[in-house]
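There are 2 protein chains.
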Amino acid sequence: MTHVLPGLAKPAASPEAVFDAVFRPTGVDGVYGRSGAYESVVEALAVMISRERDAMAEVVRFPPVASRALIEKAGYLKSFPHLLGCVCALGGGNQRIASAVARFEAGETWTDGLEPSDLVLTPAACYPIYPMAAARGPVPRDGLIFDVASDCFRREPSRDIDRLQSFRMREYVRIGTLEQTTTFREEWRERAAALADRLGISYRIEAASDPFFGRVGAMVGRYQVEQQLKYELVVPVRSTETPTACMSFNYHRDHFGQTFDMRGEDGAFAHTTCVAFGMDRLAVALFATHGTEIAKWPAAVRSALNL
Amino acid sequence: MTHVLPGLAKPAASPEAVFDAVFRPTGVDGVYGRSGAYESVVEALAVMISRERDAMAEVVRFPPVASRALIEKAGYLKSFPHLLGCVCALGGGNQRIASAVARFEAGETWTDGLEPSDLVLTPAACYPIYPMAAARGPVPRDGLIFDVASDCFRREPSRDIDRLQSFRMREYVRIGTLEQTTTFREEWRERAAALADRLGISYRIEAASDPFFGRVGAMVGRYQVEQQLKYELVVPVRSTETPTACMSFNYHRDHFGQTFDMRGEDGAFAHTTCVAFGMDRLAVALFATHGTEIAKWPAAVRSALNL
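If you read the sequences in order, they're chains A and D.
When we follow my numbering, the leftmost residue of the first sequence carries the number 2, and every step to the right adds one.
When we follow my numbering, the leftmost residue of the second sequence carries the number 2, and every step to the right adds one.
Check each hint, because a few of them may be wrong.
Each pair may be met inside one copy or between any two copies, as identical chains are not told apart.
To be verified - Within a straight-line C-alpha distance of at most 25 Å, the following computed DMTMM-like cross-link-like pairs (lysine to aspartate or glutamate) qualify:
1) K297 to D143
2) K297 to E59
3) K79 to E109
4) K231 to D211
5) K74 to D30
6) K79 to D119
7) K74 to E109
8) K79 to E53
9) K297 to E106
10) K231 to D262
11) K297 to E207
12) K231 to E40
13) K74 to E106
14) K74 to D113
15) K11 to D255
16) K231 to D255
17) K297 to E73
18) K79 to E106
19) K231 to E73
Think of the hints as simulated: they come from the structure by calculation, not from any bench.
The following block holds chain A by itself, in its conformation from the complex:
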């Protein structure tokens, strides 16, 4: 499928200027302190997205760590093993811990005392909601909508301003029949475009794939594009040539229904879909588009964000 994509406007502020305005280095690429002005934009975006929440949606917020068993079962380890961060800690009792500290103090390697825990760093905001919903019994006739959010982690150190290792993701998740989930995703493509319009950002929406691991993964990614299982709303942040995915619209078919034995009242596996907002990418996109001083952003944008 080839079609002409609309052109994207050039960012007003350079990545370097945006970085200096919003981030504070911490010594690790992709892990930064965040300025007060930047946080006010992230909070304003959260409020704006909350106003779009469906009346039937249930709010659940997740911490930045999640059950390793859950993430393994959900298929993340198989699909994205290169991106997964695992929580490890010193174990084996006080003597072994003391010995690791002694090695550290002697300037030796101490990390060989680390043992894997039952936790990983949450890789996406929606994973923990599927087993939680499944545990409640059959999905009701009208289906379910959840409003979830989490600090997420992906192990891909980079100096690119739009590729953080630790970032915030907000999602609306729809669980129900094929028709309910398809309708939800199509509606949200429209609503997301309207949201981007109000933010005054240049964008286009295009078929996309996830960064699956390995050669087989690359095939899965091509299939994902062919079947249009994923769309992204991309915005010029670093450049117009390599725009940044700031929102995504994902259809999982009945993958999570099968994985967590989540079924409708008729016994059929539930379908799921989610619309995801990259909160940090949207905030960075606003600074890149409108400049580093919020006071000089267009009045309509500041009004939409109540800033």
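Chain A is fixed; fit chain D onto it per the hints.
For chain D alone, coordinates are given in the frame of chain A:
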């Protein structure tokens, strides 16, 4: 030093009732989803604390991961090795990663492929601010105040409702002379008490120690109490007998000044102090004190929180 401590009022709601109202199990003790009502209280507390922010304070927010080298240098590994969570990831190139995934799919152990990264889970909100401040050159005559916050992690799985592995911490950090830091801490003890009064929670403020590791650590803790380096504002959450520390007032003397070579204009090492708000513990304390339905909380408390 023995003195009579004021009595504490009995919590209105049981830990079990609070748990059901605010948390959603995820399969791991101390790691829970959070209800919308609970999050609205956490957000309201954040706004209330922001109103207490000094005009000269600079806002910086940190992600839930931090540089391992920084946390090692700050002394955390030596003092609290048993609580530190390290970020590990599969490494060694695509073949080794693929082999770990193959072991996982065969039902074997795959975590032996994990390698330590340069990141740990942030153990307290203020650590990253000290090297950041030190990098700016001599501490100005009036000193510095920072408003910092972070999702924090401590590896101590527990079913106690007031002991999460992943929790949110907000801090005001004062950097300056001995006198500036002492004054700040004393003033904040008063202001924190006034804040607790407005929240309608029962509390007392008492000398306290951190959970230092090992036998030597226990001595450090006793010294900390003797020297009154740490106070805590404790609130009955699970019971009146074992109240929960919801805020703390910490004086580090010139530990961080020496560690990060942070000096005043006169060349003397800077002193630092911080007041820390356990956002999740304060929110849980409110539900335990006033009951599980926000609508039924005392009008004065709801008004103070704008809820």
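(request) Give the relationship of K74 and D30 under a CA distance limit of 25 Å: within one copy only, between copies only, both, or neither. (result) between (30 Å within a copy, 19 Å between copies)
(request) Could you place K79 and D119 in one of the four classes (within, between, both, neither) given a Cα distance threshold of 25 Å? (result) Answer is both; intra-copy 17 Å and inter-copy 24 Å each pass.
(message) Reference check for the pair K74 and E106, CA-CA at most 25 Å: within, between, both, or neither?
(response) Result: close only across copies, 10 Å inter versus 39 Å intra.
(request) Can you give me the call for K231 and D255, within, between, both or neither, at a CA distance of at most 25 Å? (result) within (15 Å within a copy, 53 Å between copies)
(request) Could you place K297 and D143 in one of the four classes (within, between, both, neither) given a Cα distance threshold of 25 Å? (result) neither (45 Å within a copy, 31 Å between copies)
(request) Since the copies are identical, ignore which copy is meant and state whether K79 and E53 lie within 25 Å (CA to CA) inside a copy, between copies, both or neither. (result) neither (34 Å within a copy, 48 Å between copies)
(message) Reference check for the pair K11 and D255, CA-CA at most 25 Å: within, between, both, or neither?
(response) Neither. Shortest intra-copy (39 Å) and inter-copy (48 Å) distances fail the 25 Å Cα cut-off.
(message) With identical chains, the pair K231 and D211 could be close in the same copy or across copies; at 25 Å between alpha carbons, which is it: within, between, both, or neither?
(response) Cα proximity of K231 and D211: one copy only (8 Å, versus 48 Å across).
(request) Check K231 against D262 for me: Cα-Cα at most 25 Å, and say if that holds within a copy, between copies, both or neither. (result) within (23 Å within a copy, 50 Å between copies)
(request) State whether the alpha carbon distance between K79 and E106 is at most 25 Å within one copy, between copies, both, or neither. (result) between (38 Å within a copy, 8 Å between copies)
(request) Could you place K297 and E59 in one of the four classes (within, between, both, neither) given a Cα distance threshold of 25 Å? (result) Close across copies (21 Å), not inside one copy (36 Å); limit 25 Å.
(message) If the cut is 25 Å between Cα atoms, do K297 and E106 qualify within a copy, between copies, both or neither?
(response) Neither: 51 Å inside a chain and 54 Å across chains, both beyond 25 Å.
Hint violations for this structure: numbers 1, 8, 9, 11, 12, 15, 17, all remaining hints satisfied.
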